[in-house]
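Here is how the chains run, residue by residue.
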Amino acid sequence: MTDEQILTLIVKGGHDNHLRAFNAIYQDWAHPMKSFFMARGCTLQDADDVFQEVVLKIWKNARQFNGQGSAKAWVWSTARNTLIDHFRRSQKHPVMDTLNGDPDDPVIPAPTPFVHPDDCVEAGLDRFAAVAPDRAYALELWSAGTDLQEIADRIGRRYGATRQYLMECRKKLKPFLAPCLELLTS
Amino acid sequence: MTTHDPHDDERWLDNIQKEQPTDSETSRVGSALRKRHQLHQSGPLATDSDKHRLQNRLIAEGLLDPPLRRDPIRWLISWLQPLITHRKLLAGAVSILLIIGVTGRFMPSLSQKASIGQPSPLSETEITRGNDSALIALFPGEAIAGFQHQIVDDLELAEAAWRAALIEAGIEHQVIRRATEAKTVELHLKLSPSAAHLQPRFALKNAPDHGEWVVILLPKSP
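First to last, the sequence lines map onto chains P and A.
So the first sequence is numbered by the numbering used here: it starts at 1 and just counts up by one.
So the second sequence is numbered by the numbering used here: it starts at 1001 and just counts up by one.
Please keep in mind that the hints were generated in silico from the structure rather than gathered at the bench.
Note that CB positions come from ideal geometry on N, CA and C, so glycine has one too.
It is possible that part of the hints are untrue.
Claimed, not checked - Output of the computed footprint for chain A on chain P, the stretches with three or more beta carbons under 8 Å from beta carbons of chain A:
| id | segment |
| --- | --- |
| 1 | 34–45 |
| 2 | 61–73 |
| 3 | 138–152 |
| 4 | 170–176 |
What the hints assert, rightly or not - Simulated pairs of lysine-lysine, DSS-like, Cα-Cα distance not exceeding 27 Å:
| id | chain 1 | residue 1 | chain 2 | residue 2 |
| --- | --- | --- | --- | --- |
| 5 | A | 1051 | P | 12 |
| 6 | P | 171 | A | 1051 |
| 7 | A | 1018 | P | 171 |
| 8 | A | 1035 | A | 1018 |
| 9 | P | 12 | A | 1035 |
| 10 | P | 12 | P | 72 |
| 11 | A | 1035 | P | 72 |
| 12 | P | 57 | P | 12 |
| 13 | P | 57 | A | 1051 |
| 14 | P | 60 | P | 72 |
| 15 | A | 1035 | P | 60 |
| 16 | A | 1018 | P | 57 |
| 17 | P | 174 | A | 1051 |
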């Protein structure tokens, strides 16, 4: 079921429509959204709480979606805003991308020496995700074959800009993988 | 510093999606990213208990109907529909037969229940003996089922009290039959002509003639 169909069922109302919408929401949204929230510093419990808030907001405001633009983008925009509200309320700091300037800008922790290149790459990605969670999240989705439009909707960017954003990730990721180059070439 | 080639980035991006990319670095990065993705997809992120929690929250907010408020007819249809549409006609037919059977079994008692108390009692007498208090109502025969609600502690006492009340009320009667099956006393009474004003408005079921009244007294603890 598409997100647009889910919203339509909510607006239509009636027990059966609502039940179908609810089941579809849980099946399609719960996993990716909670995973997204946890990537930004939520605990599992917090992620569930935020997800509940997202569903409530969407359920209450489904009528406000006027059909212009992507329903998925609208849903994920609500999810991101709810997450920001959650951090604001709890006075915690979300894990945000701090890697916006040159690759030399962030303080990259010194990597532990590795023997195997795979371990080194994984550790490099961990460090990258710690300072650039949005980029790491987008790259993960991309590597798993997620549709570019889907990624765009989730991270709140336009389709064309998302591809550019992903391409830029290579440059951003490079310094984190630099310690592995020797292992990779040997 | 080497010159940056955007086409190279584009190729890199396309290659990390491939299971077997061209170079070792891209291959390992793609593999590590997929591993992270799988790791994030695993775990108890969407459990049944979380789902119930969310459902309860929506119900509490009045956004979702609780399951009990469902329309039983619609529920029945939605339950039977898959059986029929999935060509499980036999199962569907069995279900329908079961429903008809169950409905048929309970329909007489339902209709009987529906008639309970419909006719107004022709006479009401309160009998008090010790701590026992019972309202004896004289119903036309069709309301016998209604009279079954008359529950007393002591059958013999209740019978005697009931008859005494009839006498006190000036209603002459005679006991036609007394049945003591299943710890009940069934008094079939023939009212005297002096109680003509209490002539039943309805024909008495299973009665030899229309002047007969039936009272059933049930023990409080069977």
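Given the hinted pair residue 1018/A and residue 171/P, is their alpha-carbon gap at most 27 Å? Holds. Residue 1018/A to residue 171/P sits at ~19 Å (cutoff 27 Å).
Please work out if residue 1035/A and residue 72/P have their alpha carbons no farther apart than 27 Å. 25 Å, holds
Next pair to validate is residue 12/P with residue 1035/A; report whether the Cα-Cα distance is within 27 Å. Cα-Cα ~41 Å, so violated.
Straight-line Cα separation of residue 57/P and residue 12/P no greater than 27 Å? Holds: residue 57/P and residue 12/P sit about 17 Å apart, inside 27 Å.
Can you take a look at whether the segment 138–152 of chain P is actually covered by chain A? Rule is 3+ residues, C-beta closer than 8 Å. Contact hint for the segment 138–152 of chain P vs chain A: holds, 7 residues under 8 Å.
With the threshold set at 27 Å, check whether the alpha-carbon distance from residue 1051/A to residue 12/P stays at or below it. At roughly 22 Å apart (the allowed maximum being 27 Å), residue 12/P and residue 1051/A satisfy the hint.
For the pair supplied as a hint, residue 12/P and residue 72/P, confirm whether the alpha-carbon distance does not exceed 27 Å. Given that 27 Å is the threshold and the Cα spacing comes to 18 Å, the pair holds.
Are the Cα atoms of residue 171/P and residue 1051/A separated by 27 Å or less? 41 Å, violated
Sort out whether residue 60/P lies within 27 Å of residue 1035/A, counting only the CA atoms. Violated, at roughly 37 Å.
Measure nothing beyond the straight line between the CA atoms of residue 60/P and residue 72/P; if it is 27 Å or shorter, mark the hint as holding. 16 Å, holds
Whether chain A covers the segment 34–45 of chain P (at least 3 residues having a Cβ closer than 8 Å to its Cβ atoms): holds (count 5)
Is the listed coverage of the segment 170–176 of chain P by chain A valid when you require three or more residues with a beta carbon under 8 Å from a beta carbon of that chain? holds (count 3)
In this structure, the earlier hints numbered 2, 6, 9, 15, 16 and 17 are contradicted, and the remaining ones agree with it.
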